[in-house]
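A.B. asks: Given the coordinates of chain E, work out where chain H should sit on it, guided by the hints.
There are 2 protein chains.
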Amino acid sequence: MTSLKNLESFTCPLPLRDYRNIVMGHGGGGKLSHDLVQHLFAPLFDNPLLAPLNDQAVFAVNGARLAFTTDSFVVKPIFFPGGNIGDLAVNGTVNDLAMSGATPLYVSAAYILEEGFSLDDLTRVTVSLAKAARRAGVQVATGDTKVVEEGHGDGVYINTAGIGLVPEGVNIGAANARPGDAVILSGAIGLHGIAILSQREGLKFDSEIVSDCAPLYDLVAQMLQVTRDIHTLRDPTRGGMASTLNEIAEAARVGIEIEERAIPVPKDVAAACEMLGLDPLYVANEGKLVAFVPSELASAVLEKMQSHPLGREAAIIGRVVAEHPGMVIARTSIGGTRVVDMMVGEQLPRIC
Amino acid sequence: MTSLKNLESFTCPLPLRDYRNIVMGHGGGGKLSHDLVQHLFAPLFDNPLLAPLNDQAVFAVNGARLAFTTDSFVVKPIFFPGGNIGDLAVNGTVNDLAMSGATPLYVSAAYILEEGFSLDDLTRVTVSLAKAARRAGVQVATGDTKVVEEGHGDGVYINTAGIGLVPEGVNIGAANARPGDAVILSGAIGLHGIAILSQREGLKFDSEIVSDCAPLYDLVAQMLQVTRDIHTLRDPTRGGMASTLNEIAEAARVGIEIEERAIPVPKDVAAACEMLGLDPLYVANEGKLVAFVPSELASAVLEKMQSHPLGREAAIIGRVVAEHPGMVIARTSIGGTRVVDMMVGEQLPRIC
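Line order of the protein sequences matches chains E and H.
Just so you know, we're using my numbering here: the first sequence kicks off at 1 and counts up by one.
Just so you know, we're using my numbering here: the second sequence kicks off at 1 and counts up by one.
So that you can see chain E by itself, here it is in the shape it has in the complex:
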């Protein structure tokens, strides 16, 4: 453990890919975000809870195994097809709890308001936040409000932290993926990111693309009824499926192979991505999960997922291999293979 004395002499751990100042990509969930965590935060906050680099910490307090997580939401625009920053702030955090198998219990809600933000909009956002909390079965237990001058915020930013209870015998983490595991995706990708982007850029499609923002705990609870032996769960938000799979490959020191054809991409999302030069594998989702389960359990878990409203389009999209640890390889629809790298910078800033 780093001593306090070592902290005194800690200097900026450059090269953090040679940036001296923060750029948008440091918040993008890709390589630059990773560098900050691995070279700055993790060494300074040095503790075994942060080491697994999961989206939540799990620890025991008086015998209760708790999951604890935090996320700030700076999505732009605040209101978008399928939701707003209020329900996003609840779902994002309860999903991070659910990805450890925890039952979400309590969330906090801390607002940073910009001077001049309308009370009507604050009310709309807060109504959505309250409704999302009830839908997810959590209580908003504590909160905070700060106000910053005009030009130092953007209407409203919301931080939520969450506490959940991890059931006995459940031990889910990015590092637990094992060769042989099946990789199951709960549904179509790209909806949240493209919904935000089309709203922001005024793009029109045949039908409106709506964010998939939803609480995933209930789906996870169903999956845990099939087996407690789920190795890894992740919701591919910022950085999309590509970054999520790379994080898991790295944490578990395994290779991952996916079949591009097996990944459900809605027609409109595919069209939008083609038009905008985006790869759907890098686009954010807010109501999807990937699960790594032992292959012999895969079809039972898949079936259970498909019987849930949030898992109807669930599909096995790949498998874990012992080869090329740390790498994600996609078999393309025309039969070739390509390396799916982690996103480097920022594809869509302020997506959540």
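Simulated from the structure, these hints should not be mistaken for lab results.
The list treats identical chains as interchangeable, and a pair is accepted whether it falls inside one copy or across any two copies.
Straight-line Cα separation of at most 16 Å, EDC-like style, residue types lysine to aspartate or glutamate; simulated pairs:
# : residue 1 : residue 2
1 : K76       : E149
2 : K131      : D46
3 : K76       : E114
4 : K31       : E250
5 : K304      : D229
6 : K31       : D341
7 : K76       : D121
8 : K31       : D18
9 : K267      : E313
C.D. replies: This is chain H only, laid out in the frame that chain E set:
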């Protein structure tokens, strides 16, 4: 409990003192902040945890009594005499836990960074945050980083949430103050607010005024060794002593009488306040607490506090009365009395 249907028809609860938009005072910790909580957040998040309007929620999970709190920090400037936003973010949150008598265990750290913020400053802030966490005996268990464009932030904002464990037999809350209780203040007031203000405005005094930013749990633990029958603890941050005492008077439906002469105000703070037209009772502190204890225990608790480095100047500054419930009355140094009202707007914006 408000039904989901009622939520649908919830509209902006104006008049929130007749503002249609957010003003700086909504973040000041005074009446406007209170209005937001009481007329907007509390009805929407309707639950028994929020009802006592403490700075933390206390609930049981699998038999463990947990305290849970959150605070966002937007202090300006980020670096000030006696600390920076990093240690402030830890101390503010561990103190909110300590004010329930809880042992602080875990904190989260969520950064909202502005594009262009220097990595050197981020490192300095994070080193301070890490050191403060070690000093307070808590682990930084989980975190988040978001980046917003230049002109939509102010260098760095930090949210911390915290989890603590409340010992058996401890039941501390604003509503528990009782007529007859002695009101004990742990030390001199006004230091944090005036330190920030002098830094911001470039004011010079005979000696530098330094923020009192410090973790108070150890002091509370000492006090709890004397008795578990402490009724109320609060750290008078935003809104100062005046707002804190008014909140307690209102929550417990009691009157509070204080002796102005008994309240330690450092000479430089008094001089600065006179010059700036401020009342020290409304200036923020970040390392002080007020305790409400049964009068027969007051001298034992006081003595214990005075033997602690953070309580050396502790003093009994008043008492709780059954008369004028909800009101705070000060006996002035020249023998008169005055009503000490809650702050209405914002005395010093972005103080924490």
